[in-house]
Amino acid sequence: MATDSAAHIVVSFPDELSAWGRDQLFASRFVNYLRRVHTTVAVGDEWDEFLDVGCCGDSLTLTLRVETVEPEGATKLTGDTAIEYVERDGTVHGGWCVQSADGPAATTGKQR
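In terms of my numbering, the sequence shown opens at residue 141 and continues consecutively.
Hint data in this document are derived by calculation from the structure and do not stem from the laboratory.
These numbers were taken from a predicted model, which means no experiment stands behind them.
All clues stand as given, with none of them false.
Per label pair, the in silico range of CB-to-CB distance:
hint : residue 1 : residue 2 : range
1    : H233      : P211      : 27 to 37 Å
2    : D144      : H233      : 27 to 37 Å
3    : E224      : T143      : 13 to 23 Å
4    : T215      : Y173      : 12 to 22 Å
5    : T215      : N172      : 15 to 25 Å
6    : T231      : T143      : 30 to 40 Å
7    : T143      : G184      : 19 to 29 Å
8    : E210      : R176      : 13 to 23 Å
9    : G213      : H233      : 27 to 37 Å
10   : D229      : D185      : 12 to 22 Å
11   : D144      : D229      : 23 to 33 Å
12   : T143      : D185      : 11 to 21 Å
13   : S145      : Y173      : 10 to 20 Å
All C-beta atoms in this analysis are idealised placements derived from N, C-alpha and C, irrespective of residue type, glycine included.
Let's have the full structure, built from the sequences with the hints guiding it.
Right, here's the structure in full:
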């Protein structure tokens, strides 16, 4: 039986994202936010998103790109859709030291 709801999507992010930015990206609140604001999904979709930088910067914007959607042909992003992240070559825009090795300590990802 065909379904129009995506069970799983893979979203890529720029590999220049700092460990602090990765903490924000991987936080459950941000994953839930993506499920709420993006109701449709297709391979190749690009989402310009703002990550919370707290008090240590001004803004941190990056482009997320949908790489795969399962099952193939599904078009709806729901609260049950699993979101997996992968790196791709790319840059982030804005911010302050939050994007660099001088940024705050983080618990996930790699520090640059």
